[in-house]
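All chains should be built: construct the whole structure from the sequences, respecting the hints.
Respectively, the protein sequence lines represent chains A and B.
Everything in the first sequence is counted per my numbering, starting at 48 for the first residue and increasing by one.
Everything in the second sequence is counted per my numbering, starting at 12 for the first residue and increasing by one.
It is worth saying that the hints were derived from the structure and are not from the lab.
Be aware that a few hints might be false.
Once the Cα atoms are required to be at most 35 Å apart in a straight line, the calculated DSBU-like pairs of lysine-lysine come out as [said to hold, decoys possible]:
1) A:K105 - B:K181
2) A:K105 - B:K215
3) B:K215 - B:K181
Single-letter residue listing:
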Amino acid sequence: MNLRLSTYAVCTVFAVQIGAASLSAFSATREHSQASASQADSAQRPASTEQAGTTKFKQNCARCHEAPQSFSPRMSGTILRHMRVRASLSAQDERDILRFLNP
Amino acid sequence: MFKVPEQPKLRVFLLTLFTLLSLAKGPRVAAQDTPLISGGVGFVTSTNGGNTTYIPVVSPLLAAPIGNHVLVESRATILDSFFPKGGGQPGYTSDSFLGLSYLQMDYLATPHLTVVAGEFLIPFGTYNERLTPIWISNFESAPLIFPLGNMETASGVGGMIRGSAFSNGKVSLDYAGYFSAASTVEQFNSQRSSGGRANLYFPKTSLEVGASYGRLLQNTHQNYEGVHLWWEPADARVKLRSEYAHGPHSQGYWMESEFHLTRSPSANLFRRGLQPVFRWQQTFRSSPDSSDGLPSADTNQADVGLDFHFPHDVRINSSYSRQFSSTGDRNIWQTGIVYRFLFPTWRGK
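What follows is the structure, given as structure tokens:
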């Protein structure tokens, strides 16, 4: 296969995907902002704490894998300690995600 | 009555398992700190150049906290490969494998520093530490440049420091640095090497950039450099991952994207579970080296896959790859079904 042709094809595919990701991220951010605004209206401290944990879970753990569909809360601390080492989480992120796993 | 297995590898693994569990069990273990057994069990088929290999595999992971600052963890891979006998002979033959990926003790020294000792995954690039578990990877095969910087064994025996240097709402910086001694002990093979990695992550744009460095210190000293860029907007339908690595005799890169038809939890199972994936790879050889693990000639490879996530942590990966090289083009078909398990080691309060 012609190298130049294949490189052009790949660049085109990724350009389209980056465009799609941008649109998708923009709409997700907008939805997130609207959701945050509506939550702020009924500001509840536990809700914002849970929100921080949700966000940090998505930013750290979900970058590599989906969350297990269910697990015993007895080992949530072990999971977080494992993730703290694997994902180099800060101590604050570890606490926030632990609260997210054990609301 | 329990019989001690004859195979030394199995003995090592079982000894590790029982040692971890006995170390972790104690009155200081908090309610949320029950040791766990996780991992994946799967069945993979790979058809490469017309030959099909069948691979049943199990990859258990153990994690056992001790007190408030220590975690002992280990992951192993046990598999059997069934492949054609070749040479015109009918039938299949098999080859079994048991290997420890890591067996390490982590000491959480400060909020910004974790000290690791034992056998650990080499922190070069992203694939080795993040995407090698069979229940995580989108493709059944590793990228072509995977051997670069991973010092042949992908594991080191020695010490590592790592952690989050700082983190706020705008940016976070994490790091890892290691030194590995040479080891020929069974299950703990490693090369004498050192290196590390640093990542910057920008949470608002979900962009991660990082750089890796590794230096082989055994026999001829060689340097390896790598950079990576991941862009994974939260809740977006597309994720992009890419990595470049450079070695003394070759270099290459891969770019991978995964696409989700929907992120809505209320969507039907089919739309939620289906995940097309695409990966493009190129390797370039600057001088001959039969030991660095990369193809002997410049190679392009396109991987197109369709994964499906079922309920209860079951996933199916399927992919078709077309490899272009001056040594010959070829097709690679791969499928795999993997179940991820996760449970505590014993019942708690």
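Hint-by-hint comparison with the structure:
1. A C-alpha spacing of about 15 Å is found between A:K105 and B:K181, which places the hinted pair at or below 35 Å, so the restraint holds.
2. Distance restraint check for A:K105 and B:K215: the Cα-Cα separation of roughly 12 Å lies within the 35 Å cut-off, and the hinted pair is therefore satisfied.
3. With a CA separation close to 7 Å, the supplied pair B:K215 and B:K181 stays within the 35 Å bound.
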